[in-house]
Amino acid sequence: MKNLVVPVFAMMMAVLVSGCAGKPTQPVVDQRDVEALALELKNLGPDVDPAEAERAATIAFNYASQLAVEYDITDPPIVHNAKVNNGFRERGLCWHWAEDIERRLDQENFRTLTLHRAISDPDNPFRIDHSSVIIGRKGDTMFEGIVLDGWRNAGKLFWAPTLEDTRYHWRPRMEVLQNKERRLLEQRANLTTG
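If you read the sequence shown in my numbering, its first letter stands for residue 19, the second for the next number, and so on.
Any given hint could turn out to be false.
[Said to hold, decoys possible] Using C-beta positions, here's what the derived DEER-type ranges look like: (1) 179 to 104: 29 to 37 Å; (2) 50 to 209: 53 to 61 Å; (3) 146 to 178: 18 to 26 Å.
Calculated directly from the structure, the hints in this document are not laboratory data. Being a predicted model, the structure only gives us computed values, none of them experimental. Ideal Cβ positions, reconstructed from N, Cα and C, are used throughout, including at glycine.
Based on the provided sequences and hints, a complete structural model is requested.
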């Protein structure tokens with residue numbers, strides 16, 4: 019019961035404020051932020067094409083900003099999650115951001131950069147996991163790449179080297195999903211044998 023208080027309160031607050039929400043505003047993209055990400059991408063290795071790094075950084079920032087409008091973001095991320103989960107909005111959960119940003123970047127067919135999907139297990143007060151896309155140098159693992167997270171700041175792209183993102187402990191998406199499935203099967207087996 020105690021574990022339900024925070025999520026239930028968050029949903030009630032989302033319902034209360036959903037009628038008061040204003041028109042979504044598109045986060046402003048600061049060219050200095052784009053340049054900083056482009057430089058970090060270039061620094062992944064000498065074989066990273068500088069033009070690809072600049073294009074990836076520009077697209078990541080601009081597309082995250084565009085998605086904030088498309089998702090009708092008017093609230094902090096956790097409140098928007100409650101709106102999506104309760105049918106007040108269609109999209110805007112973290113995995114939507116990751117999926118859409120990955121899909122857009124993938125359209126570029128980068129030769130020297132690659133994309134990874136990652137999930138951080140629920141080690142937070144709301145007990146929710148978090149998904150993101152990671153961009154890295156072709157051939158490197160996700161742990162050597164850079165997290166691109168549009169959800170965290172409601173459309174203002176957050177980025178950081180994977181291992182320097184202290185807010186989340188990133189793991190490969192498929193590994194996390196397989197572990198969840200295994201735990202679910204174990205729970206079901208325990209219910210039938212218990």
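Does the beta carbon distance between residue 146 and residue 178 stay inside 18 to 26 Å, or does it fall outside?
This hint holds: roughly 20 Å between Cβ atoms.
In this structure, is the beta-carbon distance linking residue 179 and residue 104 contained in 29 to 37 Å?
35 Å, holds
Does the hinted range 53 to 61 Å hold for residue 50 and residue 209 at CB?
Given range 53 to 61 Å: holds, Cβ gap about 55 Å.
Consistency note: the structure conflicts with none of the earlier hints.
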